[in-house]
Amino acid sequence: GAVVSQHPSWVICKSGTSVKIECRSLDFQATTMFWYRQFPKQSLMLMATSNEGSKATYEQGVEKDKFLINHASLTLSTLTVTSAHPEDSSFYICSAAGEREFGEQFFGPGTRLTVL
Amino acid sequence: GQNIDQPTEMTATEGAIVQINCTYQTSGFNGLFWYQQHAGEAPTFLSYNVLDGLEEKGRFSSFLSRSKGYSYLLLKELQMKDSASYLCAVRAGDYKLSFGAGTTVTVRA
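Note that the protein sequences, when read in sequence, are chains A and B. Per my numbering, residue 1 is the first one in the first sequence, and the count goes up by one each step. Per my numbering, residue 1 is the first one in the second sequence, and the count goes up by one each step.
It is worth saying that the hints were derived from the structure and are not from the lab. Careful: at least some of the hints might be erroneous.
Quick list of simulated restraints, FRET-style, between CB atoms [stated by the list, open to error]:
1) G15/B with Q60/A: 42 to 48 Å
2) R112/A with A109/B: 28 to 34 Å
3) G93/B with L68/A: 21 to 27 Å
4) R66/B with S18/A: 43 to 49 Å
5) L68/A with L74/B: 30 to 36 Å
6) T26/B with K41/A: 22 to 28 Å
7) P109/A with V50/B: 25 to 31 Å
8) T13/B with S18/A: 30 to 36 Å
9) R66/B with E22/A: 34 to 40 Å
10) E56/B with G16/A: 50 to 56 Å
11) G53/B with D65/A: 30 to 36 Å
12) N21/B with Q42/A: 15 to 21 Å
13) P40/A with T11/B: 17 to 23 Å
Computed cross-link-like contacts, EDC-like style, restricted to lysine to aspartate or glutamate with a CA-CA straight-line distance of at most 16 Å [stated by the list, open to error]:
14) K68/B with D52/B
15) K41/A with E56/B
16) K20/A with D65/A
17) K96/B with E59/A
18) K14/A with E87/A
19) K57/B with E77/B
20) K41/A with D5/B
21) K68/B with E41/B
22) K76/B with D52/B
23) K81/B with E41/B
24) K68/B with D5/B
25) K41/A with E41/B
Some residues of chain B that are not near chain A, with every Cβ distance over 10 Å (derived) [claimed, not checked]:
26) A12
27) V18
28) E41
29) A42
30) T44
31) R59
All C-beta atoms in this analysis are idealised placements derived from N, C-alpha and C, irrespective of residue type, glycine included.
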């Protein structure tokens with residue numbers, strides 16, 4: 001149980017285009033989903049927290065107009081990187097938290113974004 | 001925010017024991033997690049501590065001292081597949097996690 005999927009697993013796009021990443025909890029309802037980014041050999045940095053049906057809460061320094069998050073249902077959240085630039089190239093990971101014993105987060109497999 | 005410190009790298013021999021330390025400073029402490037992350041993959045949950053003491057789960061054990069802001073992850077009977085990055089994460093509040101930079105463990109034959 002507690003499987004989280006992400007799509008796509010990798011994407012290459014041109015500078016200036018937008019990219020949408022989907023995060024789904026497959027076998028449980030996720031009351032809260034999180035979006036992280038991770039640069040090589042660095043730890044996960046939380047970008048935003050989203051709850052179903054409400055606006056996402058962004059961490060300091062994360063541009064909400066650039067990283068659009070939609071949490072349409074208890075099993076789906078999407079992150080759209082708008083007008084992507086090479087510096088947005090990173091590993092984006094989502095996680096989902098539901099009603100679990102420890103309230104632990106379960107992570108998706110990640111999406112490798114490369115902006116040319 | 002939370003200051004979470006853990007060593008950058010550790011190397012050990014197959015079959016040996018390795019202890020990864022993590023120190024933290026936080027307000028509103030609500031649990032400490034250890035995750036394993038293989039290169040290019042997402043983290044997988046290993047252990048959780050919220051009260052002082054040792055939690056044992058097979059070859060992995062995790063310890064917490066809240067008064068000292070200290071935890072360790074103990075890996076016993078190391079196997080080659082244990083080569084990975086180990087992330088210490090502190091929860092403050094309901095769900096939000098702050099991660100350490102990770103400790104890369106290399107297991108040698």
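Status of each hint after checking the structure:
no.	hint	in the structure
1	G15/B with Q60/A: 42 to 48 Å	45 Å, holds
2	R112/A with A109/B: 28 to 34 Å	30 Å, holds
3	G93/B with L68/A: 21 to 27 Å	25 Å, holds
4	R66/B with S18/A: 43 to 49 Å	44 Å, holds
5	L68/A with L74/B: 30 to 36 Å	42 Å, violated
6	T26/B with K41/A: 22 to 28 Å	24 Å, holds
7	P109/A with V50/B: 25 to 31 Å	27 Å, holds
8	T13/B with S18/A: 30 to 36 Å	49 Å, violated
9	R66/B with E22/A: 34 to 40 Å	38 Å, holds
10	E56/B with G16/A: 50 to 56 Å	52 Å, holds
11	G53/B with D65/A: 30 to 36 Å	46 Å, violated
12	N21/B with Q42/A: 15 to 21 Å	19 Å, holds
13	P40/A with T11/B: 17 to 23 Å	20 Å, holds
14	K68/B with D52/B	10 Å, holds
15	K41/A with E56/B	28 Å, violated
16	K20/A with D65/A	14 Å, holds
17	K96/B with E59/A	11 Å, holds
18	K14/A with E87/A	12 Å, holds
19	K57/B with E77/B	13 Å, holds
20	K41/A with D5/B	15 Å, holds
21	K68/B with E41/B	32 Å, violated
22	K76/B with D52/B	21 Å, violated
23	K81/B with E41/B	14 Å, holds
24	K68/B with D5/B	13 Å, holds
25	K41/A with E41/B	12 Å, holds
26	A12	20 Å, holds
27	V18	19 Å, holds
28	E41	6 Å, violated
29	A42	4 Å, violated
30	T44	7 Å, violated
31	R59	19 Å, holds
Violated hints for the displayed structure, listed by number in ascending order: 5, 8, 11, 15, 21, 22, 28, 29 and 30.
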